[in-house]
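Novice: Residues per chain are reported as follows:
Protein chains: 2
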Amino acid sequence: MTTQVNKTAHAFDKVRLDALLNRRFFYAPAFEIYGGVAGLYDYGPPGSSLQANIIDQWRKHFIVEEGMLELDTTIMTPAPVFETSGHVARFADWMVKDTKTGDVLRADHLVKNVLEARLAGDLEARGVAAAPQDEKDKKKKKKGAKAAAVVLEDAVVKEYETILAQLDNYSGPQLGELCRTHNIRNPDTDNEVGEPQQFNLMFTSSIGPTGQHPGYLRPETAQGHFLNFSRLLEYNNGRVPFASAQIGRSFRNEISPRAGLLRVREFTMAEIEHYVDPEDKNHEKFKEVRDVEIVLLDRHVQEAGSSATKKMKIGDAVDQGVIANQTLGYFVARIYQFLIKIGINPERLRFRQHMGNEMAHYATDCWDAEIHNSTGWTECVGCADRAAYDLSVHSAKTGHPLIVRQALKEPIVTEKEAVEWNKKVLGKTFKQDAGTIQKTVESMDEAALVKLKGQLAQGSAVITSVDGKEFQLTPDILTIERKVFKQSIREFTPNVIEPSFGLGRILYTLLEHSFWSREQDVERGVLSLPPLVAPTKVLIVPLSARAEFDPLVLEVSTKLRRAGVFSRVDDSNTSIGKRYARNDELGTPYGVTIDFASVQNRTMTLRERDTMDQRIGSVDDVIAAVTELVNGTIDWGEACQRLPAYDGVQAVD
Amino acid sequence: MTTQVNKTAHAFDKVRLDALLNRRFFYAPAFEIYGGVAGLYDYGPPGSSLQANIIDQWRKHFIVEEGMLELDTTIMTPAPVFETSGHVARFADWMVKDTKTGDVLRADHLVKNVLEARLAGDLEARGVAAAPQDEKDKKKKKKGAKAAAVVLEDAVVKEYETILAQLDNYSGPQLGELCRTHNIRNPDTDNEVGEPQQFNLMFTSSIGPTGQHPGYLRPETAQGHFLNFSRLLEYNNGRVPFASAQIGRSFRNEISPRAGLLRVREFTMAEIEHYVDPEDKNHEKFKEVRDVEIVLLDRHVQEAGSSATKKMKIGDAVDQGVIANQTLGYFVARIYQFLIKIGINPERLRFRQHMGNEMAHYATDCWDAEIHNSTGWTECVGCADRAAYDLSVHSAKTGHPLIVRQALKEPIVTEKEAVEWNKKVLGKTFKQDAGTIQKTVESMDEAALVKLKGQLAQGSAVITSVDGKEFQLTPDILTIERKVFKQSIREFTPNVIEPSFGLGRILYTLLEHSFWSREQDVERGVLSLPPLVAPTKVLIVPLSARAEFDPLVLEVSTKLRRAGVFSRVDDSNTSIGKRYARNDELGTPYGVTIDFASVQNRTMTLRERDTMDQRIGSVDDVIAAVTELVNGTIDWGEACQRLPAYDGVQAVD
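Protein sequence lines, in the order shown, are assigned to chains A and B.
Read in the UniProt record's numbering, the first sequence has 403 at position 403, and its numbers run on one by one without any break.
Read in the UniProt record's numbering, the second sequence has 145 at position 145, and its numbers run on one by one without any break.
Please note that a few of the clues may not be correct.
Each pair may be met inside one copy or between any two copies, as identical chains are not told apart.
[As the list claims (entries may be wrong)] Straight-line distance between alpha carbons at most 30 Å, and here's what the computed DSS-like set of lysine-lysine pairs gives:
no.: 1; residue 1: K559; residue 2: K341
no.: 2; residue 1: K285; residue 2: K559
no.: 3; residue 1: K409; residue 2: K341
no.: 4; residue 1: K60; residue 2: K341
no.: 5; residue 1: K112; residue 2: K310
It is worth saying that the hints were derived from the structure and are not from the lab.
If you're wondering where the values come from, they're calculated on a predicted model, not measured in any experiment.
Model the full structure from these sequences, guided by the hints.
Specialist: This is how it looks when you write it as structure tokens:
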């Protein structure tokens, strides 16, 4: 029997979590000693490790499991690529300027903040607002929300709620209209704001010493996949479906980055581009995920002004047309499984469908994995059907075919009228009109060609070009014959299903979902990260820095390394309790203590982070148990059956 | 007994290797369908895997083994950081412009190419030049080297050779002088070139919507480490030595990128910053590497115009002062071990010391790991002692102390004269001169203070400021007393030893060192990548696409995955021989064939890439053997003792 732990004794406290993450250097504002730059963060040792472990799991879950083709393409991109893809024209947010100070605000965020503040003020005035938890919290709330506690008319409340539910669906001019209609001003100055203007989110640069080649930093890794499509297809022996995958840095010059990792200017993404036959978007492994249950928020519900979700099996969602096709559904399920595996709380995860105007210009259907955290529901993964958009536009622009050529099992045999020209006579007879004549005849349908053939058989025929000129044709100029055509190759541009992961957002929400404080002491924070992604798996704690412990410390760390378990030694000059408390904050799931008894009897204690239970066993038994715990082949209950409880005094917290 | 393989039957052929790397999509010019951009490359599936495996080994060899603190910092960097670090002023190459066409050339490359061409022309004229291997090669040589076959005077040959040996040591104006003195012109146009000008290699951008915050893309990851030094030190419990490590993308806007991965504009680096006490640069693990033998090319040899290397034990090199200190020597040895481990040929690896002018502005000693390839010796790793430069300048600029505070075991007790001011009287008496007076007194040495004290005891004293003014001081203004000072904390700015790896260069030279062609057929290229870094470890080859093979294929791939061995199935529609030939080009070290016998008897054949030897055994024995082969616990000879030779016919090449 294992100890019961109450993780909800204290309400979630973002201030405490942020302090912990900063103190333990999970991440910190980049260039902090220079005053920092909004939207740029550095990951310290535990943050880097956590990110690397999430990436490692992602690679196994997606790339290895599905045999995807991994890519590593450049960030710096010449301008023509993003001109073709549509990013230069459309990858923009709407910003408004304070009419007096010139401060720049993101239009949709402004509307959201002001309306939410008014609704909060309304609740407060009606006396139904939750009391702020403490002074700090109160101050914080006040800063974001300057609206006075004023009761709103019921119709106004309803209107605001509808606007907020559909906010992502408004165009720039509509956002401007909202500001005017509802008197939405810059809350920091109470000044009016101007008309929304587009601001392109790509960072610009220039390539080479002459400054003549404009470049952009990619805002997503996707184009690097598409441009290499022909090579990837060849690598895959010419067959679809297959997927390419890439993990890498992208950049977006956000207008107003949020504090923290949720909206940053430089971030690590993991993107999959899965290429399918547009006429067959079924997925051969769909049956494996049919019964996965997901919480969905579809577009119709949102367009009706609601946020009501429903729980569905993926199989039903696809069968009922809620999700457009099996491949999209397969990835929605696989995304769900991945997020749960690394420790996201399934109760705080939903899939929201994009509304019509909200969808990227290329997409035909799109579902976001939204994870709930202290700021609300946050898009962490997008899963879009980009159709043939990207491959088509790049192909059209460059003249390089980005298509699949598929041998047909049964050739398609067709019979039709075929025109053959005597070009010499045609040219001699009609000179500069020859081209027009060819075009005119070749654009005729079957019936017209049959008629023309009949007339030519009579000696001559008159045709009329689109601009109304008439020409008389004779059989020495062209012949028309019925011929059999056999098509043995089918050519098509594949469609692309794109799951796209923002790793920083996932990492941050995972930290929120993992954080709690000890029931007996709110100051003692714990990050219950699953062993799979925890930065360090096992902490090795020698009771003191005595040299006689060194050989055993070395032995344990070497044996753990050989077993593939990442451990760290903490031989700092503080009490064991403090060292364990520090590692609870770092999310280290297990600790082993080496003391005098260890040296004499070759025994070690094993401590579990969440319960603080301690067990004891021989050095090798403890290493074997902790290896299995980390690999997930046993749980703590099973470990407790193998190792007796420890009730010594040296290693208590 | 294993088969002997002759890997040098055919001379190395870069054209064949490049064709292979392109055909198998190890890497390819980025944006190729848009015409490409010089210096930007995308890695395809095998290149990405090879790179990921090299990084994985690097992490184990350096970060895990030494307990380094990993970081992940941003690429986008606000301008003030690089102004302080000196990059804005000095991170530049010298370029010259063709005086007529305006074409831009890198000055040192121009001198090198022209002088090397003249020396080659001289050899040709003397009839001692090696004959070009084939027409293609001849053409290529001609393009780079337009110099006529003219005999040079012996003194001129000697002079050119001396210039080339010291080329990295010339300043911009000196390069200009060389062009004039030796009539060095643009070889493409034969026009003169102008005076060398500095071109800064950092890509510029701007951060935020207002365009007011200039930024640079980092040209190295190092500054991200230094700016976080205080946090890292705290994470390490305030102790030095320790190291931070980071793997990430960097950018340099090269003037003239070379074809291929050797000089690119965007690249992945792995950098270590090891922080040491400036008064103790010994390394506690130095004894472990003392006997590692390295080929060295020291600065004195180069400055004397020679390139003669010598082989030394690292221990001797440090003892004799060839390498500045143990920590630098330790990393030189560890770099050597890493490169050998991943497959670099030790015969083509040397460590070259930077000459005085060549060294970066911050460094006090620097050794490059240079790897030999078809273009000559190429810097792939730098190992520099950056001293306290970076931490000092950032600290001075920001006012944020980047120092170590160390408790002294024995406090240092000193006695000295201490000055105490009566500031009120001082100010009243001397007004704006008060500051000058304080400075003058406080800069006095002990003897001067004792003298002044004596004079004050007499009633008054006259002092002279640096600018010659005299002031009369009296005991009501200041008192001087002998006091005891106890210093229990020592503060110092640590020095930084920086091993810095260019992963793309290492990857490319590794490919060159691994490439050869079968003795019997030069068209059949092989990449003998070590299993440790090979993109795929085991190829699973079902004899045909029959459904009856599927369960066994699935079983083998699942078992290999569980054993941690990355495999791929090749069930394409070609012969087994062709599939193996393709995978020889991909560097896959082992292959297993599943045929009818496998299904009936549960046996499989195991093929070794280099020898093409085939052995046979039960499915589980083959899986066990290949797992050990990949993990390096047995070699092919041992595998052959376990598994009998196979002399069947189905799976021959």
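Novice: Next, verify each hint and record whether it holds.
Specialist: Right, here's what the structure says about each hint:
Proximity of K559 to K341 under the C-alpha cut-off of 30 Å is found in both arrangements, the shortest distances being 27 Å within a copy and 22 Å between copies. Taking identical chains as interchangeable, the C-alpha atoms of K285 and K559 lie at most 30 Å apart only when they sit on different chains, with a minimum of 20 Å there against 39 Å within one chain. Taking identical chains as interchangeable, the C-alpha atoms of K409 and K341 are never at most 30 Å apart, the minima being 42 Å within one chain and 49 Å between chains. With identical chains, the CA atoms of K60 and K341 are at most 30 Å apart both within one copy (12 Å) and between copies (25 Å).
With identical chains, the CA atoms of K112 and K310 are at most 30 Å apart within one copy only, with a shortest distance of 25 Å there and 70 Å across copies.
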